[in-house]
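Engineer: Residue numbers (the working numbering), protein chains in the order written: chain A, 18 to 362; chain B, 18 to 362; chain C, 291 to 613; chain D, 291 to 613.
Derived by calculation from the structure, the hints in this document are not laboratory data.
These numbers were taken from a predicted model, which means no experiment stands behind them.
Ideal Cβ placement from N, Cα and C applies to all residues, glycine included.
Wrong hints could be hidden among the right ones.
Each computed DSBU-like pair below joins lysine-lysine, with the alpha-carbon atoms no more than 30 angstroms apart [said to hold, decoys possible]: (1) B:Lys195 / A:Lys288; (2) B:Lys195 / A:Lys220; (3) D:Lys331 / A:Lys62; (4) B:Lys288 / A:Lys195.
Rough simulated footprint, nothing fancy, chain C against chain D, three-plus residues with beta-carbon under 8 angstroms [what the hints assert, rightly or not]: (5) 371-381; (6) 422-435.
The primary structure of each chain is shown beneath.
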Amino acid sequence: MTSAPVALPGLPDGITAGRFLEGFHFMLLARTLEDKIAALYHSGKITGGVYLGRGQEAFSAALAVCLRQGHDIFAPLIRDQAGRMAFGEDILDTARTYLGSVKGPMKGRDGNIHRGRPDKGMPAMISHLGAMISVVCGMLKARQFRGISDTVGATCIGDGGTSTGAFHEALNLAAVEKLPLVVAIANNQFAYSTATDRQYACKDLVDRAIGYGAEGYSVDGTDLAACLAVFDKAVTRARTGHGPQMVVGNLLRLCGHGAHDDGSYIPETIKSTPLGQDCLKLARQKMIDHRWATHSELEAMEAAAAEAVQQAVAQAQRDPAPDPAAETWQPLASRWLLETDHPTT
Amino acid sequence: MTSAPVALPGLPDGITAGRFLEGFHFMLLARTLEDKIAALYHSGKITGGVYLGRGQEAFSAALAVCLRQGHDIFAPLIRDQAGRMAFGEDILDTARTYLGSVKGPMKGRDGNIHRGRPDKGMPAMISHLGAMISVVCGMLKARQFRGISDTVGATCIGDGGTSTGAFHEALNLAAVEKLPLVVAIANNQFAYSTATDRQYACKDLVDRAIGYGAEGYSVDGTDLAACLAVFDKAVTRARTGHGPQMVVGNLLRLCGHGAHDDGSYIPETIKSTPLGQDCLKLARQKMIDHRWATHSELEAMEAAAAEAVQQAVAQAQRDPAPDPAAETWQPLASRWLLETDHPTT
Amino acid sequence: MSITYLEAIREAQTRALQENPDVFIYGQDIAGFGGAFKATKHLARDFPGRVLDSPISEDAMMGFAIGAAIEGMRPIVEMQFADFSSIAFNQIINQAATHYWRTGIPCPLVVRLPSGGTAGSGPFHSQSMESLYAHYPGLIVLTPATVGDAYWMLLEAIEINDPVIFCEHKFLYYHLKAGALPTVEERLPIGKARITRHGKHASVVTYSAMVHEALRAADELARLGYEIEVVDLRSIKPLDTDTVLASVARTGRLLVVGEAFPYGGVTAEVIARVTAEGFHLLDAPPKRLNARDTPIPYHPNLWAAHRPTAATITEALRELLGF
Amino acid sequence: MSITYLEAIREAQTRALQENPDVFIYGQDIAGFGGAFKATKHLARDFPGRVLDSPISEDAMMGFAIGAAIEGMRPIVEMQFADFSSIAFNQIINQAATHYWRTGIPCPLVVRLPSGGTAGSGPFHSQSMESLYAHYPGLIVLTPATVGDAYWMLLEAIEINDPVIFCEHKFLYYHLKAGALPTVEERLPIGKARITRHGKHASVVTYSAMVHEALRAADELARLGYEIEVVDLRSIKPLDTDTVLASVARTGRLLVVGEAFPYGGVTAEVIARVTAEGFHLLDAPPKRLNARDTPIPYHPNLWAAHRPTAATITEALRELLGF
Ligand SMILES: Cc1ncc(C[n+]2csc(CCOP(=O)(O)OP(=O)(O)O)c2C)c(N)n1
Ligand SMILES: Cc1ncc(C[n+]2csc(CCOP(=O)(O)OP(=O)(O)O)c2C)c(N)n1
Ligand SMILES: [Mg+2]
Ligand SMILES: [Mg+2]
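Required output: the full structure, derived from the provided sequences and hints.
Structural biologist: Shown next, in the form of structure tokens:
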């Protein structure tokens, strides 16, 4: 016999303070790391694009906190540092990739937000938006072929990415195959500089769910508790055979598109709406208000996060850069098919 | 002062018996022509694919009857012989293209259902499903650039074609630009051999409209009167600035996918549902029942259709075939950029 | 007993499904219907749950196969026509082709492309896309010309730990027959070209359906006393430069024939390689013959004049021999 | 006064918008934001309603432009990066490229592709796709290497009655400057290659950013007394074979350099043409130098070793000269 879960004050049904704390932990870690990455970028230490998840940490972390590491699949996108960490990505993987260490998971071949470890259930994104969703579908199908029926595959996309044909084809395919897919749409009101009124014309992106026969949810993406609740439900529904789930998080990108962009086109009027609230501050305040943590406990967490980031960055900076002479320059796994005798260049 | 239109018995508001008769005329003409084309195919007189609109004539003709020839745009697909004719396509264009006459609109370069006359508002489809919708969007935008605001662009697609990314991207774009686009989805229950349960998982394809912010309609595609009413409304709404319109016609393909296919995979159980009714027979019967035409008038129409088809086919068969020696073998309009001096082959 | 090129493809898939539980097939109308060309006829019946109809979504079909491959499955994707792979292009060149290089995790899959022209198929059901796919790093591109190769190369492709673009020629599907399949000992591995016909006056290097046109041209010229060597590349990438060079060393004259469009592509690649490494072997300027630089025409009259044929190959060889 | 390559592109678009009411621009983030590279900065302000932000829908963007072009407009599509044109690939090669040939109605549009590598851009923001597009019939493919060409070729491209793939090199955007734009009399029309540097010992035939690497290599070798001719193709398709042959006739030695992947493509095409028509002009085997046959690496160390550079061109020329 199980007793009905009792909702804590300030928390939706079934979400414990421990879960909330876990989510907050990864939000904090991600924010701390990304602040550092941004600083490194601005001091010229990072090559290539830097895309931050500022303002989206609650939505991203909440999803990954609801997944089972080592069992589920999580395909993050460019603003999912928090989700990555909550899904178990090593902070050193991040630091190494950004800092061009040859020891990173991509060995310098691919960079920054493209990193992944597909063998740990975290595919490495390509840039083309929407392209990862069908890949997750295939991974889920593979699990089913192997007799594993309770893997959930989650993937993230933005408001802009929903306009891609790839998004549509994959959602539809997932629904036809009734796959345990969770698609998290972070509607941060902008795609690069493009506001949503030039991106789509439906009232709410969640209105797309019905057109696929998927289950849909719309949530305040600045509210960690609400995000936890909605993803808990969506992941459970997916896991128990109810097919694809679409969760739209409404929030605001609290930074430019990339570290190179000051985001000056984001109007003040939207920043001052509830969408513009900082999810991290909200979550922190909530923990204080509900006494799930004391000020000093939170400060200790912050100090620990800073220390972890500092160590990872320092380690990555000590690492060697890739050496072109040591690079194989061969794209194939089938070594016997490589043409090594004839210069093709 | 205008008097409220009075609905005729058997006809929805605003649809006259004349309109119905017009629709029927093109349905009949298309069926007669396609029966002939199929016969020619089976006697080996036609090269390439033959795709018939059998069972879809009401839905196709009704759309085109609601458009303004010479002003609107109509981008038909493979089962729109009826709509093509109702939009003014010359029967000789059809016959010539199927029979490989060099005098056809494609001069033998492209064939059969790919024919079109873009300068008359009828683009020439490419095979890749979904690809024409965004083209129609661009044509509409061009009209608007030129100050013409009341052109409607209509295009057709099947249940299968809704699974393409191209469909999604174009619908979304049309909604963002609030274009006067009408998309007619002929849900004939099959995409080639694939039944709808392997194509999509929503309840009704019209459920996709809301996700684009488009207006949506679902109609019995075997019922000419109902089709006329729904397209009349959709075309009017589009023309008067209400943005894209999506009309789903529910019907059954009353033949194989192409003339090469016997469609034996279509179960009898579905053929005996209302979807399986022959729209042409239903329309004919309705005319008799309501005394909009007498038996002998109908027989005269049928004879005239047969005669028109016969003449066009005979003419096309007398035409010369394309001559490779007379072909330019140059793909560019910019003749001065052609490389004629150096053999590139 | 005899077996067609198409049947060989079906047999190879049957055997792969039988022997390897990781194999599955995904594509439009391939389950109950057995595929537009019947290359998977009865396979859904014989291997329940492993031959799946897809929606009309080439991009997602390809992404789906990639995801499954990353997880260790061996998906075969059937494109209904090669031409529709243009919709899957991004997933093929940017996702499948880069995956191993970027992550160290292989992406073993086969994309079957019913390729090439047949009378009346027109611009969108006739394309030969091998040159496009060969241009991008990370793909294996195969173009079997014989029944035996269709069988063995497909089986081998399924075993390869990389994405393979398998270009089947529709023109050969029903017409090309063999008495029996070669044995495993007789098969030539992927990556090796075959000297299909030995000769000493000129080499025709070609692949896929054009091998047969070249053989007919060689027959024709044999009547005039010329011995034409015909090299079937079999695999476009990797390309067996050694065999090509050896042939040119024997004949001193090179004609490269392909059915794809003329600019760049396989024929230019072969010439660039031979002239770089075997310049001194050439007694005459190398020639190439491709399809014309227009879309592929629908009308049979035009189509016959668009692609290379035995007649145009013969003519090109005459020029080459007369140099 | 000085003007960058990027500014020249902006100026050309400004002028086209001014002079031709049929011109409009469509792409992601190009209106208020002025484009990811600022190639359309202020244009939306100065030409209201004619510079439009699109959704992230490359396929539809392209179809939209095609539809407008068929109706007589002159759309310019900006792809945010060339690499994303893989999503529009089908519309480009199958719809835009075939339209005139199939229907007799021209399809005049320009697709601007910010192309080529820069440090740290990685596999999906660095591609050079000219070889792909040149392979398909019906497209004009341009690759300006100078500020003046960026300006005049873009203006001319907008006037051309066919779909034009306009490959801009991102590496040149900000770095390449000119004192002033050439006058209309000074401009070279599309379809003509330019002898950028005269020489007599070897010809380097190249295009886009590689022209500048080749010039540096020529400088390097000049110090050893070699005079290297550098031919800038400017337009990949059509390709000015005459100018290339004339150069090879002068020097007897040919190196073709491109930043795209090695298999097939522009460099192979040039070699195939030269060896077919100018075999007797060559005193040494023709050489080519391309990027390596792997995805384009992210890390600057690797990237620098992936594409041809002045150093590797110099090395290749030394081998060629020493032959
Ligand atoms: C198919 C494709 N086209 C263009 C781009 C370039 N691009 C990268 S991120 C971006 C904006 C994405 O917006 P959104 O999906 O809302 O995500 P956000 O950045 O807001 O998190 C664009 C246009 C891309 N990555 N993929
Ligand atoms: C992108 C694309 N993939 C595959 C095909 C091959 N194909 C042609 S028609 C067809 C079935 C179309 O089904 P549907 O859209 O329902 O239209 P219907 O034939 O039923 O009218 C297929 C798969 C195609 N034309 N385009
Ligand atoms: Mg966004
Ligand atoms: Mg259908």
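Engineer: Against each hint, give a clear statement of whether it holds in the structure.
Structural biologist: Evaluation of the provided hints:
1. B:Lys195 / A:Lys288: OK: Lys195 (chain B) and Lys288 (chain A) at ~27 angstroms, within 30 angstroms.
2. B:Lys195 / A:Lys220: 14 angstroms, holds
3. D:Lys331 / A:Lys62: 29 angstroms, holds
4. B:Lys288 / A:Lys195: 27 angstroms, holds
5. 371-381: holds (count 5)
6. 422-435: holds (count 6)
Going down the numbered hints, you'll see the structure goes against none, and every one checks out.
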